[in-house]
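In order, the protein sequences belong to chains C and D. For what it's worth, the working numbering labels the leading residue of the first sequence as 1, then goes sequentially. For what it's worth, the working numbering labels the leading residue of the second sequence as 1, then goes sequentially.
A hint or two may mislead.
[Stated by the list, open to error] The list that follows gives simulated cross-link-like pairs (lysine-lysine, BS3-like), each with its CA atoms no further than 25 Å apart:
| hint | chain 1 | residue 1 | chain 2 | residue 2 |
| --- | --- | --- | --- | --- |
| 1 | D | 127 | D | 106 |
| 2 | D | 131 | C | 91 |
| 3 | D | 155 | D | 43 |
| 4 | C | 30 | D | 333 |
| 5 | D | 131 | D | 155 |
| 6 | C | 91 | D | 333 |
[Said to hold, decoys possible] Reference listing, derived: stretches of chain D covered by chain C, where coverage requires no fewer than 3 residues with Cβ under 8 Å from a Cβ of chain C:
| hint | segment |
| --- | --- |
| 7 | 12-19 |
| 8 | 160-172 |
| 9 | 246-256 |
[Claimed, not checked] Listing some non-contacts, in silico: residues in chain D with all C-beta distances to chain C over 12 Å:
| hint | residue |
| --- | --- |
| 10 | 35 |
| 11 | 91 |
| 12 | 157 |
| 13 | 298 |
No lab work stands behind these hints: they were computed from the structure. Every residue, glycine too, gets a C-beta built ideally from N, C-alpha and C.
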Amino acid sequence: MCLAIPGRVEEVTTEDGLRIGRVNFGGVVKRVCLDYVPEVEVGDYTIVHVGFAISKIDEETAEQTLADFRAMGVLDEELADEEAQFARAAKAPQSNCPDGSCTEIGKKLLN
Amino acid sequence: MKYLTEFRNGEIAQRMAREIALITTRRWKIMEVCGGQTHSIIKNGIDQMLPAAVEMVHGPGCPVCVTPLELIDKALAIAAQPRVIFCSFGDMLRVPGTEGDLFQVKGRGGDVRVVYSPLDAVDLAVKNPDKQVVFFGVGFETTAPANAMSVHVAKRRGLKNFSLLVSHVLVPPAIEAIMSAPGNQVQAFLAAGHVCSVMGYWEYPPLADKFGIPIVVTGFEPLDLLDGIRRAVLQLERGEHRVENAYERIVTYAGNLEAQKMLAEVFEVRDRAWRGIGVIPNSGWRLSAAYRAFDAEERFQIAGIRTVESPLCHAGDVLRGALKPAECPAFAKQCTPRHPLGATMVSSEGACAAYFNYGRFLSAEELANAGAVHG
């Protein structure tokens, strides 16, 4: 829920008074609001949470983090489109804890 | 540890874990308050790498888990209305209210959409002037700037058909509440890295001083977590209680000032109920007076919500002494302090919660045999 994913800014435009960037997350490109990171320009890396860039980071850190998040399986989850999210929900059991952390804790406590 | 052994830095991780074991001379309890960190700790087996004396305690770091059932019920009631487009992040779809969840509301004809950004919901409002578009804004400080901007943009564009259902909670007041609770055993905190990327960590030194606890700003990746834990243990062993930043590549002391400026304009601090914990003073945000017109709770005035906790719950029997907590079929299965089905598990002083916490240190078999303990 609170993960921010690093990506590379490929283009910056202005839409309805907002600074909007096209940000590439290891192949998946999303529209991202850059209003909170005025210092970020095309070619820079930034970490993005729910469509908003919140911090500039260096390329090496970004690429490492992207690789780690991909290995941990969180990248696909964070960047899934609407169709994929509904498809996942259709298979998922009801849960108060969508990321499963609490369920895993529960299992761990009992085993 | 299934994944960490293949992790690119597996060897470094093992070395860090050995270092933590070397510097540890006493038992320590360290809490993280971030679902992402909890997930990473469990998934990567980091707690299993640590010496037995260092225990990670998983705090209320999941914003969905602490959202009161009543608010989930309100979301479901609004989403089911005709001429409403109800937008949310995907992870809310299967969160159960008293009756059903958002995915089921969609199945019954409700217009429920998953968006990537709250700004996508604002776009939907622009494109659908004959519909009310509601965005379910659930989250900690990390998510709040995005939700704040959506309301700010909606106001600037004069949109009458966009509103935000706000469920925002704040980390520092939760730390204060946990440390102030009678019987608290937590001795140090890992502060959530991405929360701090927005808020900085200027709010934490007063907490470290007041309670004499180390607080280490920590990231999510295995090495980040091990480094955060190592630094916390080092402070504990030395009898220090400072705020340290172990996530310098992302987090600054001041945080993101642009985002904080927007938060201060759009939101104001309020007391807030945390499911499973109770009301924590000044621990949430609501829309400020200038933006109150965009509050979905005000706009829809959902009345008559009868929040009913689960029928699996036998709290009444437990209270009457007819059933011991561990004899309840839901105990520690569907029902835990984090996902309480009833009042006895909701309150930290409730019999089931106390029993559960005691039972943490027992195996499932021992737990079942320990039925004679009075809660």
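Within the assertion that chain C covers the segment 160-172 of chain D, do at least three residues meet a Cβ-to-Cβ distance smaller than 8 Å?
Our answer is that it is violated, as 0 residues pass the Cβ test (under 8 Å) against chain C, missing three.
What's the verdict on residue 131 (chain D) and residue 155 (chain D), does the C-alpha distance respect the 25 Å limit or exceed it?
Given that 25 Å is the threshold and the Cα spacing comes to 17 Å, the pair holds.
With the threshold set at 25 Å, check whether the alpha-carbon distance from residue 155 (chain D) to residue 43 (chain D) stays at or below it.
42 Å, violated
Given coverage of the segment 246-256 of chain D by chain C, tested with a Cβ cutoff of 8 Å and a minimum of 3 residues
With 4 residues closer than 8 Å to chain C, the segment 246-256 of chain D meets the three-residue bar; holds.
Restraint status (C-alpha distance of residue 30 (chain C) to residue 333 (chain D) at most 25 Å)
Not OK: residue 30 (chain C) and residue 333 (chain D) at ~39 Å, beyond 25 Å, violated.
Against the 25 Å threshold, does the CA-CA distance of residue 127 (chain D) and residue 106 (chain D) hold or violate the hint?
20 Å, holds
For the pair supplied as a hint, residue 91 (chain C) and residue 333 (chain D), is the alpha-carbon distance within the 25 Å limit?
At roughly 20 Å apart (the allowed maximum being 25 Å), residue 333 (chain D) and residue 91 (chain C) satisfy the hint.
Given that the segment 12-19 of chain D was listed as covered by chain C, double-check it with a C-beta distance under 8 Å for 3 or more residues.
Not satisfied, violated; 0 residues make the cut.
Do the alpha carbons of residue 131 (chain D) and residue 91 (chain C) lie within 25 Å of each other, as the hint requires?
Violated, at about 29 Å.
At 12 Å, judged by beta carbons, does residue 35 (chain D) keep clear of chain C as stated?
5 Å, violated
Say whether it holds or is violated: residue 91 (chain D) keeps its Cβ farther than 12 Å from all Cβ of chain C.
3 Å, violated
Beyond 12 Å from every chain C Cβ - status for residue 157 (chain D)
7 Å, violated
Violated hints, listed in ascending order, are 2, 3, 4, 7, 8, 10, 11, 12; each of the other numbered hints is respected by the structure.
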